[in-house]
Amino acid sequence: MAPILKIAQMANSPVDLFLAVCLGFFFGLVLESGGLANCRKIAGVFYLYDVTVVKVMFSAILTAMLLLYATSALGILDISILYLPDTFIISYILAGTILGVGMVMGGY
Amino acid sequence: MNPYIAGIALGFVLFASFLLCGKGLGGSAAWARLSAYLMHLIAPAHIENSPYFGHYFAHGKNPLHFWLVFLGIGTFLGGLVSTFIHGRSKIEVNKGPGISVRGRLVYALAGGILVGFASRLGLGCTSGQGLAGAAMLSLGSWAFLFSVFFGGYATAYFVKDGWL
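Here the protein sequences come in this chain order: A and B. For the first sequence, this note's numbering begins at 8 and goes up steadily by one. For the second sequence, this note's numbering begins at 7 and goes up steadily by one.
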């Protein structure tokens, strides 16, 4: 059963933190390879001269979503104990809007 | 790299994070904790009594001893290796054609302050909310994600000299 380390009560153990570095490594590798470390590509989304970021982001969301729900349906993954921030709709709309303003100004 | 291939690979990394550790990938928490750590070096009492940052230090805890900080270290290394692989590792100020380096840095600082504040208000950035939360079909994360696009498109016209 997964999530493996959470069920094994090993959250924040050295193994968990080592995996964080490994996962982060691939996260950074894929982000940079996909062009998401380039501020001109980020800004490109808002002027529609380069929509790479949108292509990467939504294919990632779709892939992860399908894998999460497929493994959950097969009984491999207990989706209910995954970390999920509480839902504060108004705060999130406000936060997202401010973040979008900052993103088009700063490029990240 | 083809953006769809990169996206699918990113989706697998995100899924692996949930499958192994039960947590999604996040980018902003490491920065918040690093800032808190640095501020603590200068004004320890102020930060420890801060309603937001105080709990990072509760019971003598080190704010950097945190899963997302370790993830951030890995992200830095992975990004660095990728620039070597693609032969684009260099020190530069990446910017639009019509803006000075100084102007670009001013925009970057202003934008960074807004993104930093917003990522704490929203309990995450485009990684934690936008990718991880959205993949779990969280309503709040989708509201966040669409608001990012709204805020960006609403502002784009006014800062176009920075990029076009």
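Simulated from the structure, these hints should not be mistaken for lab results. For every residue, glycine included, the Cβ atom is placed at its ideal position computed from N, Cα and C. Be a bit skeptical, because a hint or two may be false.
[To be verified] Here are the simulated SDA-like pairs of lysine to any residue, each with C-alpha atoms no more than 25 angstroms apart in a straight line:
(1) B:K67 <-> B:I91
(2) A:K13 <-> B:S144
(3) B:K101 <-> A:I96
(4) A:K48 <-> B:W37
(5) A:K13 <-> B:V112
(6) B:K166 <-> B:F72
(7) B:K166 <-> B:L145
(8) B:K166 <-> A:C29
(9) A:K13 <-> B:L70
(10) B:K96 <-> B:V107
(11) B:K67 <-> B:L86
(12) A:K13 <-> A:Y115
(13) A:K13 <-> B:Y62
(14) B:K166 <-> A:F25
(15) A:K62 <-> B:L70
(16) B:K166 <-> B:L83
(17) A:K48 <-> A:V58
(18) A:K48 <-> B:Y10
(19) A:K62 <-> B:Y62
(20) A:K48 <-> B:W148
(21) B:K67 <-> B:L47
(22) B:K67 <-> B:R94
(23) A:K62 <-> B:S41
(24) B:K96 <-> A:Y115
(25) B:K101 <-> B:T161
(26) B:K96 <-> B:L111
(27) A:K62 <-> A:L81
[To be verified] If you want the ones that stay clear, here's a sample from chain A, every Cβ over 10 angstroms from chain B, calculated:
(28) P10
(29) L81
(30) G103
Verification of the supplied hints:
1. B:K67 <-> B:I91: Violated, because 38 angstroms separates the two Cα atoms, which is more than 25 angstroms.
2. A:K13 <-> B:S144: holds (20 angstroms)
3. B:K101 <-> A:I96: violated (34 angstroms)
4. A:K48 <-> B:W37: holds (22 angstroms)
5. A:K13 <-> B:V112: Distance of about 43 angstroms is beyond 25 angstroms: violated.
6. B:K166 <-> B:F72: violated (38 angstroms)
7. B:K166 <-> B:L145: Given that 25 angstroms is the threshold and the Cα spacing comes to 31 angstroms, the pair is violated.
8. B:K166 <-> A:C29: Violated - the C-alpha atoms of C29 of chain A and K166 of chain B are around 38 angstroms apart, more than 25 angstroms.
9. A:K13 <-> B:L70: Holds - the C-alpha atoms of L70 of chain B and K13 of chain A are around 20 angstroms apart, at most 25 angstroms.
10. B:K96 <-> B:V107: Answer holds: K96 of chain B to V107 of chain B is near 16 angstroms, not above 25 angstroms.
11. B:K67 <-> B:L86: violated (30 angstroms)
12. A:K13 <-> A:Y115: violated (32 angstroms)
13. A:K13 <-> B:Y62: At roughly 22 angstroms apart (the allowed maximum being 25 angstroms), Y62 of chain B and K13 of chain A satisfy the hint.
14. B:K166 <-> A:F25: violated (42 angstroms)
15. A:K62 <-> B:L70: Given that 25 angstroms is the threshold and the Cα spacing comes to 33 angstroms, the pair is violated.
16. B:K166 <-> B:L83: Cα-Cα ~32 angstroms, so violated.
17. A:K48 <-> A:V58: It holds: about 7 angstroms lies between the C-alpha atoms, which stays within 25 angstroms.
18. A:K48 <-> B:Y10: holds (15 angstroms)
19. A:K62 <-> B:Y62: Roughly 36 angstroms between the alpha carbons, so the hint for K62 of chain A and Y62 of chain B is violated.
20. A:K48 <-> B:W148: holds (22 angstroms)
21. B:K67 <-> B:L47: holds (14 angstroms)
22. B:K67 <-> B:R94: violated (39 angstroms)
23. A:K62 <-> B:S41: Not satisfied, since the Cα-Cα distance of roughly 32 angstroms exceeds 25 angstroms.
24. B:K96 <-> A:Y115: holds (18 angstroms)
25. B:K101 <-> B:T161: The given pair, whose Cα atoms are some 17 angstroms apart, holds under the 25 angstroms limit.
26. B:K96 <-> B:L111: Since the Cα atoms of K96 of chain B and L111 of chain B sit roughly 17 angstroms apart, the hinted pair holds (cutoff 25 angstroms).
27. A:K62 <-> A:L81: Not OK: K62 of chain A and L81 of chain A at ~28 angstroms, beyond 25 angstroms, violated.
28. P10: violated (3 angstroms)
29. L81: holds (12 angstroms)
30. G103: violated (3 angstroms)
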